[in-house]
Amino acid sequence: MTRVSPSELRLLTLARAVMGLGQYAPVEDLLRERHTIAARLSPGALTSLRDTLARGTVLALARCGGARRRRHLTADAGESGPSRLWERHQAPALSFSALCFHTLRWLVEQPLVVPGHRPLDVDAPPTLADELFLFLCCRLVAGTACAPAICIQPQFQRSTLCRLAFPDLFVAVPGSLDVEDFAPLLAGGGWLLEALQDELALRWRRLEEAKARLIEPKHLVDLGTAQERVLNAFLEAVDGAGRRDLAGFVLDALRPLVDQPASRWVSSLSPRASLSVKAEARRAAGASLRALGRMARWDAEHRAVRFFDDGYEAAQLLLSAWASFGEPGFRLASDRERELTTDLATPVETIPDTLPLPSAESAP
Amino acid sequence: MSRAYRVSVSESLNRIVQAEDGVCSKLELLPLLSREETAGLLAAELANRGFTQEGDVAVRLEADGVRVAVDVTTGEVSVTLSDAEEVELSATAEVLSHTPDASDATRKLAREKARAKLEDKSQDATEALREDITRRLEGRLRDLKSELDSIANKVTGEALKVRASQLGTVEEIHEDAATGSLTIKVRV
Numbered sequence: 112m113t114r115v116s117p118s119e120l121r122l123l124t125l126a127r128a129v130m131g132l133g134q135y136a137p138v139e140d141l142l143r144e145r146h147t148i149a150a151r152l153s154p155g156a157l158t159s160l161r162d163t164l165a166r167g168t169v170l171a172l173a174r175c176g177g178a179r180r181r182r183h184l185t186a187d188a189g190e191s192g193p194s195r196l197w198e199r200h201q202a203p204a205l206s207f208s209a210l211c212f213h214t215l216r217w218l219v220e221q222p223l224v225v226p227g228h229r230p231l232d233v234d235a236p237p238t239l240a241d242e243l244f245l246f247l248c249c250r251l252v253a254g255t256a257c258a259p260a261i262c263i264q265p266q267f268q269r270s271t272l273c274r275l276a277f278p279d280l281f282v283a284v285p286g287s288l289d290v291e292d293f294a295p296l297l298a299g300g301g302w303l304l305e306a307l308q309d310e311l312a313l314r315w316r317r318l319e320e321a322k323a324r325l326i327e328p329k330h331l332v333d334l335g336t337a338q339e340r341v342l343n344a345f346l347e348a349v350d351g352a353g354r355r356d357l358a359g360f361v362l363d364a365l366r367p368l369v370d371q372p373a374s375r376w377v378s379s380l381s382p383r384a385s386l387s388v389k390a391e392a393r394r395a396a397g398a399s400l401r402a403l404g405r406m407a408r409w410d411a412e413h414r415a416v417r418f419f420d421d422g423y424e425a426a427q428l429l430l431s432a433w434a435s436f437g438e439p440g441f442r443l444a445s446d447r448e449r450e451l452t453t454d455l456a457t458p459v460e461t462i463p464d465t466l467p468l469p470s471a472e473s474a475p
Numbered sequence: 002m003s004r005a006y007r008v009s010v011s012e013s014l015n016r017i018v019q020a021e022d023g024v025c026s027k028l029e030l031l032p033l034l035s036r037e038e039t040a041g042l043l044a045a046e047l048a049n050r051g052f053t054q055e056g057d058v059a060v061r062l063e064a065d066g067v068r069v070a071v072d073v074t075t076g077e078v079s080v081t082l083s084d085a086e087e088v089e090l091s092a093t094a095e096v097l098s099h100t101p102d103a104s105d106a107t108r109k110l111a112r113e114k115a116r117a118k119l120e121d122k123s124q125d126a127t128e129a130l131r132e133d134i135t136r137r138l139e140g141r142l143r144d145l146k147s148e149l150d151s152i153a154n155k156v157t158g159e160a161l162k163v164r165a166s167q168l169g170t171v172e173e174i175h176e177d178a179a180t181g182s183l184t185i186k187v188r189v
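In the order they appear, the protein sequences are chains L and C.
Just so we're aligned, residue 112 is where the first sequence starts under my numbering, counting upward by one.
Just so we're aligned, residue 2 is where the second sequence starts under my numbering, counting upward by one.
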């Protein structure tokens, strides 16, 4: 048995919650209150932390979708058969940098809900393992009182994966994302994005469902702008890298929503807001639907690839993978987006007495 | 023991507050003809419905002040309503003073507080006017939407007829006003 001090136990408890896709409630006190961590970890605690990160990474990747048998494009524009993440890719050599440890330590030491707490003070470019760690941190605190403290830290704002998965947390981040920002995520065969497909789909579906509960038009505009910013760069990046399959999570996220009326996206908008402001909010609400326009064009291109053309196998894989969405889905998405953007008299319902439940099909 | 005196200042303001609201949309016109031909058909249909042409934009100002503008080349529609209202506002502000004859600074402070209150009231009046405009516009949009749909259908129908005549000899045209269906027989 490894003996650790109480402060080290706190650090390890949080690390296990982050890496084990744990719930927020059991570690809420750790994040909300101020704690002290010794300057150096004991050898036993350090070994336990390394073990938690190593095993937790495998566990997180498997649980987020890596364990599911799925078909993906390969680097030579071919396709893999249905396989798990570790059957498609060799185990990459991952290393957590000082950013990971300092972030963990900062999360335990600083009371995140108290204004004026110390900012995260570490300046190290994130490795791919760090990106995963920061993503899992956001996953733990998303939608809680601790989230605002995390998303204002530059280290999180610089994480492309965090911004892709949680655009709602980074609405206030100035500047746009570039195609090059996604290069690290697409390196090594894009294994990290492959592993997180289900998780990304879940995040984006929740975002879309949350729009129906937004009352202030500005919040909807901010969210739509953030979504459009990240999705445009992401789609361009995966297209440029020949990995359109990695955008499949967007279809999974929107599949159960496109057959709902357009007014659903803006059903709680304040009836007191001006029409011009509401029109802007309605347009922003259709940000992810608008991005599907590009994927619809891709889908049409895939249909046009003949069996003797280059890239036939890849086109067939994508047609098959997107078949459940298909042309009717793209058409519906386009209709919904057009209704949101151009309909003069989209009825805005009054605020319901009880908030609408998320769709029954919450998990992709 | 010192006694506090209350300095009270009243200010009034007559102001014309203005507010406007509007929304943009686009007519769904199928690309059956060239842009210029479609624009011509649209302009003619809009003229029939009381719009006046101002360059590429057909405009109709309605009795209730709603301005409908349609760009005939792009099909973009903007519906706006603006209004103005004269308001008489008054506000009172109080400041505590330790001397019975308040100093200029105290009076100035009270006046500034009263003016700040007046500005708040003026903004409230503007917002109330804007909400009233929004309500009026929302009520009008439902009718307008159906009229714009009908304009788009009419122009599409006319464009189909022109296109059919370009393809060959039109032998028969059957229009069902109830369903909006249009059947054209063309000999090519």
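Take these hints with a grain of salt, some might be off.
Stated by the list, open to error - Derived pair list, reagent style SDA-like, types lysine to any residue, alpha-carbon separation capped at 20 Å:
no. : chain 1 : residue 1 : chain 2 : residue 2
1   : C       : K27       : L       : P285
2   : C       : K109      : C       : S91
3   : C       : K155      : L       : V388
4   : C       : K27       : L       : G404
5   : C       : K27       : L       : S445
6   : L       : K329      : L       : D289
7   : C       : K27       : L       : R383
8   : L       : K329      : C       : C25
9   : C       : K146      : L       : K329
10  : C       : K27       : L       : V388
11  : C       : K27       : L       : D446
12  : C       : K146      : L       : G404
13  : C       : K146      : L       : P285
14  : L       : K329      : C       : A178
15  : C       : K122      : L       : G404
16  : C       : K146      : L       : T452
17  : C       : K114      : C       : K146
18  : C       : K27       : L       : S118
19  : C       : K146      : C       : S91
20  : C       : K146      : C       : A44
21  : C       : K27       : L       : S374
22  : C       : K146      : L       : V388
What the hints assert, rightly or not - What follows is a set of in silico ranges between Cβ atoms, one per label pair, in the way DEER data are often shown:
no. : chain 1 : residue 1 : chain 2 : residue 2 : range
23  : L       : D234      : C       : V88       : 48 to 58 Å
24  : C       : S151      : L       : A415      : 30 to 40 Å
25  : L       : R442      : C       : D150      : 32 to 42 Å
26  : C       : S9        : L       : D234      : 50 to 60 Å
27  : L       : E347      : C       : E55       : 32 to 42 Å
28  : C       : G41       : L       : E424      : 19 to 29 Å
29  : L       : A415      : C       : R36       : 40 to 50 Å
Calculated directly from the structure, the hints in this document are not laboratory data.
Keep in mind the model is a prediction, meaning the values are calculated, not measured.
We treat Cβ as the ideally placed atom computed from N, Cα and C, and that holds for glycine.
Status of the hints after comparison with the structure:
1. Among the hinted pairs, C:K27 with L:P285 is inconsistent with the structure: their alpha-carbon atoms are about 31 Å apart, more than 20 Å.
2. Restraint check: the Cα-Cα separation between C:K109 and C:S91 comes to about 17 Å, which is no more than 20 Å; the hinted pair holds.
3. Under the criterion of a C-alpha separation no larger than 20 Å, the hint pairing C:K155 with L:V388 is inconsistent with the structure, at around 31 Å.
4. Only pairs whose Cα atoms come within 20 Å are accepted, and C:K27 paired with L:G404 is accepted, the gap being roughly 18 Å.
5. At roughly 15 Å between alpha-carbon atoms, C:K27 and L:S445 fall within 20 Å of each other, so this suggested pair holds.
6. Taking the CA atoms of L:K329 and L:D289, the gap is near 25 Å; set against the 20 Å cutoff, the hint is violated.
7. Taken as a hint, the C:K27 and L:R383 pair is broken in the structure, with Cα atoms around 24 Å apart against an allowance of 20 Å.
8. Of the pairs offered as hints, the one joining L:K329 and C:C25 holds, with about 18 Å between alpha carbons and a cut-off of 20 Å not exceeded.
9. At roughly 26 Å between alpha-carbon atoms, C:K146 and L:K329 are farther apart than 20 Å, so this suggested pair is violated.
10. Our distance criterion of 20 Å between C-alpha atoms is met by C:K27 and L:V388, whose separation comes to about 17 Å.
11. Between C:K27 and L:D446, the direct Cα distance comes to roughly 14 Å. Compliance with the 20 Å bound is thereby established for this hinted pair.
12. Our distance criterion of 20 Å between C-alpha atoms is broken by C:K146 and L:G404, whose separation comes to about 26 Å.
13. Distance check on the hinted pair: C:K146 and L:P285 sit about 38 Å apart at the alpha-carbon level, beyond 20 Å; violated.
14. Distance hint between L:K329 and C:A178 is unfulfilled; the C-alpha atoms sit about 43 Å from each other, more than 20 Å.
15. With a CA separation close to 47 Å, the supplied pair C:K122 and L:G404 exceeds the 20 Å bound.
16. Annotation: proposed proximity of C:K146 to L:T452 holds, straight-line Cα distance about 14 Å (limit 20 Å).
17. Between C:K114 and C:K146 the alpha-carbon distance is near 47 Å, which puts this suggested pair outside the 20 Å criterion.
18. Distance check on the hinted pair: C:K27 and L:S118 sit about 62 Å apart at the alpha-carbon level, beyond 20 Å; violated.
19. For the hint linking C:K146 to C:S91, the alpha-carbon distance of about 42 Å lies beyond 20 Å, and the restraint is violated.
20. Of the pairs offered as hints, the one joining C:K146 and C:A44 holds, with about 18 Å between alpha carbons and a cut-off of 20 Å not exceeded.
21. Between the alpha carbons of C:K27 and L:S374 the distance comes to roughly 18 Å, so the proposed pair stays at or under 20 Å and holds.
22. A hinted pair counts as satisfied when its Cα atoms are at most 20 Å apart, and C:K146 with L:V388 qualifies at roughly 19 Å.
23. Taken as a hint, the range 48 to 58 Å holds for the pair L:D234 and C:V88, whose Cβ atoms sit roughly 56 Å apart.
24. At roughly 37 Å, the beta-carbon separation of C:S151 and L:A415 lies within the given 30 to 40 Å, and the hint holds.
25. The hinted window of 32 to 42 Å between L:R442 and C:D150 is violated, with their beta carbons roughly 20 Å apart.
26. The given range of 50 to 60 Å is respected by C:S9 and L:D234, whose C-beta atoms sit roughly 58 Å from each other.
27. Taking the beta carbon of each, L:E347 and C:E55 are about 40 Å apart, inside 32 to 42 Å as hinted.
28. Look at C:G41 against L:E424: about 50 Å separates their beta carbons, and that is not inside 19 to 29 Å.
29. Roughly 27 Å separates the CB atoms of L:A415 and C:R36, a value that falls outside the hinted 40 to 50 Å.
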